[in-house]
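**Student:** Sequence:
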Amino acid sequence: MAIKKELFNLCLEFTDSRLQTIQKTIAEIQESLTSETKSSAGDKHETGRAMLQLEREKAGNQLAEIIKIKETLSRIDIDKSIKTVGLGSVIYTTVANYYLAISAGELRTTNDKFYAISPSTPIGQLLIGKTIDDEIVFRNQKFKIKKLL
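FYI, in our numbering the residues of the sequence shown are -9 to 139.
A hint or two may mislead.
[Stated by the list, open to error] Straight-line Cα separation of at most 30 Å, DSS-like style, residue types lysine-lysine; simulated pairs: (1) K73 <-> K136; (2) K58 <-> K73; (3) K120 <-> K136; (4) K73 <-> K14; (5) K103 <-> K(-5); (6) K48 <-> K136; (7) K14 <-> K70.
Everything labelled a hint here was simulated from the structure, so no lab data went into it. In this text the structure is predicted, and so the values were computed from the model without any measurement.
Take the sequences, apply the hints, and build the full model.
**Tutor:** So, in structure tokens, the structure goes:
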């Protein structure tokens, strides 16, 4: 189960890093909004403020998305062993290895490379409910589940 814990922690680091970046962006936008003084060109000032408001809204949406991702991670029980693919599964296949949790891209552990994928991705949808020795066809490529944790 050490691999599950390692992958889970890598996903946590990924989300924490994104969260810090978004929070920093929001703080910078807020600072720009409060420090900007009205210039002699009134329209230019209003346009600048409107752009900052849009940036703040975009960052707010990213923040909401990260919070959702962290909630998904909080539902994963890394100590639970499973017989079928579900949230938190570590899946070894004949083609690649997957960690069904969040979309965090490629994760490297001590011995292997994994792709952290969300259950809502096309490949995630195909894997859910499958067991060892099941075959999956994805993008015209056939592969088999060798091992599940």
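**Student:** Of all the hints given earlier, name the ones this structure violates by number, lowest first.
**Tutor:** 4, 6 and 7
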